[in-house]
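*Asks:* Turn these sequences into a full structure, and let the hints steer you where they fit.
Residue numbers (this note's numbering), protein chains in the order written: chain A, 79 to 255; chain B, 166 to 309; chain C, 15 to 126.
Source of the hints: derived by calculation from the structure; they are not laboratory data. One should not assume that every hint holds.
[Unchecked claim] Residues on chain A that point at chain B, a partial pick, calculated with CB under 7 Å:
id, residue
1, Phe130
2, Leu223
3, Val241
Each residue gets a CB set at the ideal place from its N, CA and C atoms; glycine is no exception.
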Amino acid sequence: MQAFYMLLVFMVAAGIVAVEIKDLLAAVISLGAVGFGVAIMFIMLQAPDLAFVQIVIEILAVVFFVAVILKTTHEDETLGRGYTKDDIIPILGFSLFALMFLYLGIKAMISLPSFGNPLMKVASYYIENGLKEVGAGNLVAAVILDYRGYDTLGEATVLFTSVIGVLAILRKEGRKK
Amino acid sequence: MRGMTTIVKTITRIVIGFIFVYGCYIVLFGHLSPGGGFAGGAIIATSFILSRLAFGTTEKQEKNTTVVSSIFESIGGIGFLSVALLGMLFGFYYFQNIISKGIPLRLASAGHILPANIAIGIKVGAALLSIFLGLASTKYIMRD
Amino acid sequence: MVVVLGSLLLVLVGIYAILTKKNVMKIVIGFALMEYAINLLFAMVGFKKGAVAPIITSIPPKHNFVDPLPQALVLTAIVIGLGTTAVMLAFALRIYDKTKTFDIDKLRRLKG
Numbered sequence: 079m080q081a082f083y084m085l086l087v088f089m090v091a092a093g094i095v096a097v098e099i100k101d102l103l104a105a106v107i108s109l110g111a112v113g114f115g116v117a118i119m120f121i122m123l124q125a126p127d128l129a130f131v132q133i134v135i136e137i138l139a140v141v142f143f144v145a146v147i148l149k150t151t152h153e154d155e156t157l158g159r160g161y162t163k164d165d166i167i168p169i170l171g172f173s174l175f176a177l178m179f180l181y182l183g184i185k186a187m188i189s190l191p192s193f194g195n196p197l198m199k200v201a202s203y204y205i206e207n208g209l210k211e212v213g214a215g216n217l218v219a220a221v222i223l224d225y226r227g228y229d230t231l232g233e234a235t236v237l238f239t240s241v242i243g244v245l246a247i248l249r250k251e252g253r254k255k
Numbered sequence: 166m167r168g169m170t171t172i173v174k175t176i177t178r179i180v181i182g183f184i185f186v187y188g189c190y191i192v193l194f195g196h197l198s199p200g201g202g203f204a205g206g207a208i209i210a211t212s213f214i215l216s217r218l219a220f221g222t223t224e225k226q227e228k229n230t231t232v233v234s235s236i237f238e239s240i241g242g243i244g245f246l247s248v249a250l251l252g253m254l255f256g257f258y259y260f261q262n263i264i265s266k267g268i269p270l271r272l273a274s275a276g277h278i279l280p281a282n283i284a285i286g287i288k289v290g291a292a293l294l295s296i297f298l299g300l301a302s303t304k305y306i307m308r309d
Numbered sequence: 015m016v017v018v019l020g021s022l023l024l025v026l027v028g029i030y031a032i033l034t035k036k037n038v039m040k041i042v043i044g045f046a047l048m049e050y051a052i053n054l055l056f057a058m059v060g061f062k063k064g065a066v067a068p069i070i071t072s073i074p075p076k077h078n079f080v081d082p083l084p085q086a087l088v089l090t091a092i093v094i095g096l097g098t099t100a101v102m103l104a105f106a107l108r109i110y111d112k113t114k115t116f117d118i119d120k121l122r123r124l125k126g
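*Replies:* Structure (C-alpha cells):
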C-alpha cells in the first residue's frame with residue numbers, strides 16, 4: 079500500500095505544477111507525468127488492459143497539445159499581474175465548492191464497500207460463465223464486445239463525432255458568393 | 166510541416182515497420198491477452214503519425230491523406246455495424262453471438278469478437294490520424 | 015480509503031484550474047487532469063486485495079479475479095476523454111488565430 083500513497087502524492091504535486099507554471103511546454107510535460115502515474119497505478123490495480131490504453135492515448139494527447147502550442151505562443155502571460163478585486167469571487171467560490179465536495183465525497187466513500195472488498199454481484203456471473211458462453215480468454219474484451227456491446231457502439235460514435243468536430247472547426251473560409 | 170534531422174529519419178525508417186506489426190498483433194490477439202481494438206488502433210495511428218512528423222509533408226500530401234483516412238474510418242464503422250447486425254439477420258436479437266466458437270484459447274475462437282476488434286482497430290487508427298493532421302497541418306485543411 | 019481520497023484531491027486540482035485560471039490553455043489542461051482523475055477513481059472501485067488480472071490462461075480457471083466490470087466502463091471513458099480534449103484544442107487554436115491572445119480578460123472586451 080505504500081506504493082499507492084507515494085504515487086498519489088507525486089501525482090497531486092505534478093498536477094499543481096502543471097496548473098501553476100508559467101511556461102506552457104513545461105505545463106504539458108507535467109500533464110504527461112500525471113498520465114504516466116495513472117498508468118502505473120492501473121498496473122498496480124491489476125488492470126493491464128487499462129494500462130495499455132492509458133499510456134498510448136496519453137502520449138497522443140501530449141503530442142496534440144505540443145502541436146497546438148508550437149503554432150501559437152510559448153508562454154502564459156497572464157501570471158504575475160497581482161491580484162485585483164476581480165479575482166476574489168472565483169477563489170471564494172472555489173473554496174466553498176471544495177469544502178462541500180470533500181465533505182460529501184467522504185460521506186459517500188464511507189458508505190461504499192471498503193477499498194479492497196468489492197461486492198461483485200453481477201461480475202461473479204460474468205466470471206463463472208464467461209469462458210463457456212463467449213469462448214474468449216480475456217474477460218474484459220468479452221464484457222465490452224459481447225455482454226455490453228452497446229457501450230462500444232456509443233464510443234465509436236463519439237469518436238467519429240469528435241473527428242467531424244475538429245475538421246469542421248478548422249476549416250478555411252468558404253467561397254464568397 | 167517541416168521534416169527533422171538525418172538521425173531521426175534514419176531511425177524512423179528502421180522502427181516504423183516494427184511499431185505497425187506490434188499494433189496489428191495487439192488487435193488480432195485481443196481476445197486472448199490484454200489489449201483489444203482500442204489500444205492496437207492507437208498504436209497503428211502512432212506509427213503513421215511518426216512517419217508524418219519525421220519526413221515532413223507538403224500541402225497536397227496532407228489533403229490526400231485526409232481523404233484516404235476518412236474512407237478507412239468509414240470502412241471501420243460500417244464493418245463494426247455489420248458485425249453487430251449479423252445476429253439480427255439470422256433471427257436472434259441485436260448483438261447475439263452467432264459465429265461458432267471454436268476450441269477455447271486458440272486464435273480462431275470467441276465468436277464475433279475477432280472481426281469486431283479488427284473493425285474497431287481500423288476505425289480508431291484512422292480517426293486519430295485525421296485529428297492529428299487537422300491540428301498540425303501547415304494551413305487549415307478543408308477547403309469549403 | 016485514503017487512496018480514494020487522494021484521487022478526489024486530484025479532481026479538485028483540475029476544478030481549481032478550470033475555475034480560477036485566465037489562460038485558455040490552462041483551462042484545457044484542467045479538463046484533461048479532471049478526466050484522468052475520474053477514470054482512476056472508477057478503476058479503484060473494483061480492486062480486490064490478493065486477486066489477479068481477469069485473464070483466463072488455463073482451463074479450468076482459478077476463480078480469484080479482480081472485478082472486470084469497472085474496467086470495461088473505464089476503457090471507453092479514456093478514449094472519449096481524448097476526443098473531448100481534441101475538440102477543445104481545436105477551439106483554442108481558432109481563438110488564437112482570430113485574436114492573437116489566449117487571455118480571457120482581453121477576449122471579453124472585443125467586439126465584432
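*Asks:* Taking the hints in turn, state whether each one holds.
*Replies:* Evaluated hints:
The interface hint given for phenylalanine 130(A) is met, as the beta carbon of that residue sits about 4 Å from the closest beta carbon of chain B, less than 7 Å. A least Cβ separation of about 5 Å between leucine 223(A) and chain B falls short of the 7 Å threshold, and the interface hint therefore holds. The criterion of a C-beta within 7 Å of any C-beta in chain B is met by valine 241(A), whose closest approach is roughly 5 Å, and the hint holds.
When the structure is compared with the earlier hints, no violation turns up for any of them.
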